[in-house]
Amino acid sequence: CQKKDIVCRFVQDHFDHNISPTIGASFMTKTVPCGNELHKFLIWDTAGQERFHSLAPMYYRGSAAAVIVYDITKQDSFHTLKKWVKELKEHGPENIVMAIAGNKCDLSDLREVPMKDAKEYAESIGAIVVETSAKNAINIEELFQGISRQIPPLDSHENGNNGAIKLGKQTTQTTRRCC
Amino acid sequence: MCATEAAESLLRSEETFSACLARINTIVLEPLLQAGKPTDENKGKDNLKLLLLLNDRFRALWDLTEENHRLLKEKFSISPSLCLQDLYILWKGDLFLSIYIHNELCLVDWKPCSEFWKTHKTALKQFLADFTSETSIPVALYTVLHKPLRDHVQQYALILTRLSEAIGKCPDQEVVTSVAKQYAKLQSFISQVLDEACLTKALWKSLGNKLTEWLCVPERRLLEDSKNLPIFASVGRTSRVLLFDDILVLIQGNNCQSFDLKLVWVDGSAICSSPIPTSCLNLLVPLCPQAVWQWKLNQAVRQALNGKRDFPLWGEAGEGSEPPFHRCFKYVFRAEGRFKNAAYEGEWYWGKPHGKGTLKWPDGRNHVGDFKEGLEHGFGICLIPLLSEDKYDCYKCHWCEGKMRGYGICEYGNEMVYKGYFNDNLRQGFGILENPSAEQPFKYTGQWDNDKKNGYGVWDDKDRGERYIGIWQDDHRHGQGIVVTQSGVCYQRTFHVDKMVGSGILLLEDDSVYEGNFTRDLTFVGKGKLTFSNGFTLEGTFSNKSSQGLQTQGILNTSGDQQDASITKVQLGLDEFPVEKRWQGIYDQFLDFLHSGCKEEMEESFTGFHIQTSKELRKSQEYLFCQRGPEDVSGKIEDVLEELVQHRELESLQCYLQKAFKSSLHPLGKLLKALTFAFQATYSGIGANKHLLNMAQEEVKYYAKKIWEFYQGLLHLALEQKGQPLAKTEDGEKRCDLNAYGVILPLILPCFYPELFMLYMLYHEKEDDLYCQGIVDLSLFPDVKLLEFLDVQKHLWPLKDLTLTTNQRHSLIKDKCFLSATECLQKLITTVDPREKLEILQKTYEEIESTVSRVVERDYKLPMDDLLPLLMYVVSRARIQHLGAEIHLIRDLMDPTNEGGMYDFLLTALESCYEHIQKDMRLHQRESWYVSRDP
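For the protein sequence lines, the chains are A and B, in the order given.
Here the first sequence stands for residues 1 to 179, numbered as in the UniProt record's numbering.
Here the second sequence stands for residues 1 to 935, numbered as in the UniProt record's numbering.
What the hints contain is simulated information worked out from the structure, not anything from laboratory work.
Wrong hints could be hidden among the right ones.
In silico DSBU-like cross-links for lysine-lysine, where the CA-CA straight-line distance does not exceed 30 Å [claimed, not checked]:
| id | chain 1 | residue 1 | chain 2 | residue 2 |
| --- | --- | --- | --- | --- |
| 1 | B | K843 | A | K30 |
| 2 | B | K861 | A | K82 |
| 3 | B | K919 | A | K83 |
| 4 | A | K83 | B | K73 |
| 5 | A | K83 | B | K794 |
| 6 | B | K673 | A | K40 |
| 7 | B | K919 | A | K89 |
| 8 | B | K794 | A | K74 |
| 9 | B | K227 | B | K185 |
| 10 | B | K861 | A | K30 |
| 11 | B | K701 | A | K40 |
| 12 | B | K705 | A | K40 |
| 13 | A | K40 | B | K861 |
| 14 | B | K919 | A | K82 |
| 15 | A | K135 | B | K861 |
| 16 | A | K86 | B | K919 |
| 17 | B | K662 | B | K705 |
| 18 | B | K861 | A | K74 |
| 19 | A | K89 | B | K569 |
Keep in mind it's a predicted model, so treat the numbers as computed, not measured.
If we strip away everything but chain B, and leave its shape as in the complex, we get:
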């Protein structure tokens, strides 16, 4: 049989088939369609739909046949012999197959309306030779519609098989053979579909009424029944298993459970389906299902997921024949539990939400984010509507096994915003709660425990203009606390459930100090001692009857001998809040991150979001479902650690750290940022109170220490991961010098400098004022006068530096001598780094020395007897406004290894100049002070 012969037989077959289809159309379908319209019952409607569908499919098949017929005819009209390429059926096999499959499925589903046909029996007789009056109408119809199709498919298969036999071995044979096989399969599929329909029908009859009612759906087909093919080698607790094309049903007695096939996972050892992640009703059968069952289940699942039937053959393996383990679809949870009635749309794995997904409850709650093994895990955004209003609480947070844990931001429906850490769905650890827009705006920065303020924290009451710095317990001020107010008043008390108890110390803005009991509006009550800034004390019992002012009975001591200069500068909080107990919540998270091995996916949960503004965070819905942009790649923790290892020499380390501190992605940068928030919450604004200087100062130093510790931890980890534990004695000594003071403090100081320097200025305000007056007085002196006044030896006067115009005389020149040194010293205020400030001081000295050496025309090593007056000259000419604050800031924050060394000496020299200028003038000042006080 050659191609031409095959084509001829095909042509013939198409011709007859086409004619047959045309007859079916006119005799069966057209009358049906006309009659089908008026039915209005539900069942009828379904049937009509099916009929219309059938009609469409039928037409598609008819068109295809006609087209094929036409094409073949055309070919024959051109030339009498055809080659394989002309056989349309071979190359468009898939198209043919799918059209036939659709037709078959449709035919099987359709339940013809018997009533109608009773009147048309005669018409049917034309098709069926053996049609008798006993034959039921439906069977007759099936036969009418099916038989031509089956016969035709059989014919195709036959022709193709013969063709493949005839053409012998050649590449084309394979094609022909495979197409022939496809048609053979189609034949078996047609019978399979019919078998399934029959089996299903039989099942509905055999099952109890209750079960049938529950399970019977028109399109549903039974694929396998454990009665026919036992599912397990040994019998499990389940008595019967039914596999349909959309569900898996377990029957135990009169009860049954059904599982959506999309939710069924099967492998060699288990079947798993869990419609309710939180309940334990999972069908997890640990026994091996028999291989045939396993295959059938997998095929059914795959078809259910694809949403279309095909006809796989047993044993067929390879790509696409197994359903994917990771799936994506929507499912509504029905069983009891937290997820009841919630719809989950997203990724699944082994019967559980796993990956990205959205969970929506009917009450409006929803959760968008990462899931793991059926629970919220990773970053997620959860909206919880409030009952009363059209508002909701919005949690943008890290989750762990279904609960909030780690860093998160919560925007509450009542306008409050919490940024901080959670554990077990509760606020825990460091956090900031703010209510900026409310009538009584407040801000709490501090420790949380069990969803309440607990531990050290700072509360800003913006309405009252008060700040509480101290210990909290269960949302109440409880324990030691400091209150600073807008007016500059500041006190320290013991609190008991928000009430002040016992006596405390009240520091008034005029430097008088009251020790005793007083009320919140600062009225003295009971026994107390008032120390005025001039040293007078008043000790007695105070009372304050309404509108009669302060009343007291006590002793006024005007001797001033009890004056303790330090009391006006008393420092609060140092013993009550040891620096290592402040902001533990921040350090803990970062150290925990370290101890957990710095896992990339945990980074954000421990160290907070890198998104800097809340505006950006609002866009995080988008961020959730897209991969992070390329700019974020540099923030990966692996890269951070890798880079860390490469920058260990002092200079590159400083460079690296400086960059890290500025980055909102780097863990070190995040730590610094968090500490900056904490610091500003305490000491900025009304927290700028001189009585808090030491607290602030030791806190900054402690930050440096902790950051250094954290850096070291990161470095150790990075080296460990590279398999080079840090145990090198050769650079151990060097490392020692690179301590917190030397490396970290100068780099982080800019973050805290404005607040810190403000505290120093306030603390040294009086001294700086005196010093400034001294400077002003000295500035009246011409250079020569000042040098003389300060007892600078005449041979050191740099008069040859002065170039005079005709009208000038040496004695009247001002601000010309030691100009280079003066200008150098003035740079002191341009830097925040204590070390740089000290270097400026050293350069100032060098400038003095070089000027002197030029004057005396030889190397001159200045002894202190010469240096001090000269330095005093330079200091008074440099006119640095807050020199006292500068000096003490440098002294407090400089590297302690400098102690006793050259920098210490220079700083002491500067300080002694400052003191001298201040005290020298203080004498004048005192006189004038007494005069003005005398009248």
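Just chain A, same shape as in the assembly:
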């Protein structure tokens, strides 16, 4: 399950993964510094199965960013990604930060989706794009830092949090049901 791997990699690379409560690999939190501030990522997983598609809005409502994962070795996963982007554009929160992650970049021999296609597409929708490898921990940190940079500063009281810790609700979206 690659989205799970990405999230787990992101969360586990740091010391604080034991402190925050988690729900398996479905809900995780992580705090990363960004400039003078700390961003706390509350990462919600969604079920990728088609039959649960209609439930997705409940998960992405109110989120500040979405990570959509496709498999660079599978062209159709890139098509599914486009469907998700379209849905988020139409029904998602305004100003949601979108990030596209082409996973399994360690398997570039089997690549079906060219880097160029992904970049062009990402540009057209104003999204962040990175190719990652959850397996080898490539670009995972960069992916989230990229998101962090794009999150507009929130009023400190907006989420009932105080002080320097900012709370941005993040949703990881994946298009793929399994790895």
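Following the hints, position chain B against chain A.
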């Protein structure tokens, strides 16, 4: 002179005195008594009474003398020498004195009947050597009756003085000396009494007829006259002051004013007497009365209060010589004013009712309670009889300076009962007026102003089965209002003096909605728009001619494209009655209590009685005059504040608050109780209408906020009183987390849960029905089938948990998989606290995870792709009936800091299961719905 000699002279003296008394008796008293009977005039009657009294006293004196004589004789018969202890007179001095005093007073008062004695002059001659025919009979009689007594007292004094001189210095001398002094004083008292009688007689002659007639009473004696002894160093406006033994009289020209001595207070700077608390006719003389006057006044007051005369000596001070400042007696007010003709019985201070007392008017009105400076102040019960019937209005209330103010209960003679706040004798602030037993029972819960319903309030018309929730003005519905009815219909209108004006929105029980004008019996009139629950609309002009049913001319739109799903669930009252404007009267009282510094004596007046049932309150007559029982001690506000400070850490705070909320004595408990009344008045019974859900929900949250505010206020006050102002930054951050949601809401929610949850159930009724059908359908699947149906990956199926009997196969087993998780989730309905519900949800997840980990034999972190189907499986097996209501209640009432966090995620996951089960089945449902609608 030794004791024996003294005794001998005493014996002699007693012997002669006794003989003398015997002669007086036979010659004077007996004939008098025989002759005294037939007189029938009033004056004669008085005189006879006095004569009888005199006779009694005389006999007592005689008996005493005889007894003393007998005792002394006895002693001498035993031994010829006596010691001091044998002298009866020394040890029973007080008894002797009081008998002599009574005799004297009696003699002075008695006016002998001259007529009778004219015929008995000769008899008197036997006593009086110098008796001539010129001597008047009364004088002669006085002399006859007085002289032996005076002589005898003188003899006592003489013997005792000699004795004390003779025995020399020893402890006994003091005793002898003091008794001797007493007898000397008695001598002076006898002459004082005679002087007073003479002075008084002289006064009656010198005063004008009018004054004499008004003031002259037989027993009255003049004690001092400002003519003889000027009362003030400088002359005041009063020309003459007379001090009698029962009254103080001021004479100004021909007018005079008299004051009951019991009502006179004197100190170094003023004399005060105020028979009428409300008028300003007080005699309050700010000038220093001269010391002698002051002393005389005080002695006179003291004697008047004690009801007996004694003979104090000038300058004698010490205990009991000053009249008490706090007194207790009965007095009838005579002067103009509110208290005219009312009798006050109770405690006084400086000329005013002060303390506990009872005030009774001749018309039957009465007030029992606390007084302060002449006015009702504190708790009091006032009965006001109604003119027409044998009924009365009964106010059990707090008073302030003569007026009702603060919390009170009024039971009106017409069966109505008001429980709430007063100000200036008028209903003001929050209050409940109820008439449960009348033909048209009603109940109003809400704001009062100027004795009338004014502001936000709820009116229950039990007869019509209607409830009005909205704005009042001068006892009329006036402004925005919501009406809910027994049948579930509900509408919102603008009212103008009880009449509905303009258009409104009418929400019918079949989910159709009418916007426009309609009458009170729900007939559509004029232009309007009717939206049916299927989305069809009918827009036009409606009319209703009698018995011809509804008529309309308009356009029916069957496209359904205007269907707005939200209209069937439209929420009323949110903009019209902002939550902070509801029940202000309750919060105000509690915050005022806080701002006034939480004074113990003000507590009840601000926060209401702690007595829970009206039955108990009826007994409050008793409560008035007895100190509060020991069980009430714990309710003292000082203790409350003290305890408050000690419980500031989260856990002990929760514990403390929980106890406080349950207590009918604690201010926090009282606040919660009042809010519960308000909440139930609005949302219970026919108020259970889904269109009121948001009003109710935001109200409960606001309660929590206000209670938290009140708690914080109490805490600040408590710390301030201890001199530790709350300004600690180190725990400031921690405090932030302990907000209304986290601490208060879970604790108060049980009070509102039944009504609130009912609203959620009604609001989500349709969804819950669909979901239930889904659950029923899914319950037909065996476990394995259901797991397959929900696309749970096969390697996660917990088949090894299943133990099969010989006849069973895996595929037919039901309700066995994920049993621990299912059972855990079912506990959701056992708690009202949203946080606890969320914890149950988390545990359910943990149960799923541990089951899965056991199945796959390693730690398995479930991604959503796996978790959601599993959760759906558990939810469908848990079969929680009103899951939609539960989910939304949790979401609305959970701590907002949970937003986006783990609990939010879990709740969203649960909600998505609920939605899925509902929608999955909705497809089937729709099909069948169309089929059934088709015929």
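Do the hints match the structure? See the list:
{"no.": "1", "hint": "B/K843 - A/K30", "result": "holds (22 Å)"}
{"no.": "2", "hint": "B/K861 - A/K82", "result": "holds (28 Å)"}
{"no.": "3", "hint": "B/K919 - A/K83", "result": "holds (22 Å)"}
{"no.": "4", "hint": "A/K83 - B/K73", "result": "violated (136 Å)"}
{"no.": "5", "hint": "A/K83 - B/K794", "result": "holds (28 Å)"}
{"no.": "6", "hint": "B/K673 - A/K40", "result": "violated (41 Å)"}
{"no.": "7", "hint": "B/K919 - A/K89", "result": "holds (24 Å)"}
{"no.": "8", "hint": "B/K794 - A/K74", "result": "holds (25 Å)"}
{"no.": "9", "hint": "B/K227 - B/K185", "result": "holds (26 Å)"}
{"no.": "10", "hint": "B/K861 - A/K30", "result": "holds (17 Å)"}
{"no.": "11", "hint": "B/K701 - A/K40", "result": "holds (28 Å)"}
{"no.": "12", "hint": "B/K705 - A/K40", "result": "holds (28 Å)"}
{"no.": "13", "hint": "A/K40 - B/K861", "result": "holds (21 Å)"}
{"no.": "14", "hint": "B/K919 - A/K82", "result": "holds (26 Å)"}
{"no.": "15", "hint": "A/K135 - B/K861", "result": "holds (17 Å)"}
{"no.": "16", "hint": "A/K86 - B/K919", "result": "holds (23 Å)"}
{"no.": "17", "hint": "B/K662 - B/K705", "result": "holds (18 Å)"}
{"no.": "18", "hint": "B/K861 - A/K74", "result": "holds (25 Å)"}
{"no.": "19", "hint": "A/K89 - B/K569", "result": "holds (29 Å)"}
Consistency note: the structure conflicts with the earlier hints numbered 4 and 6.
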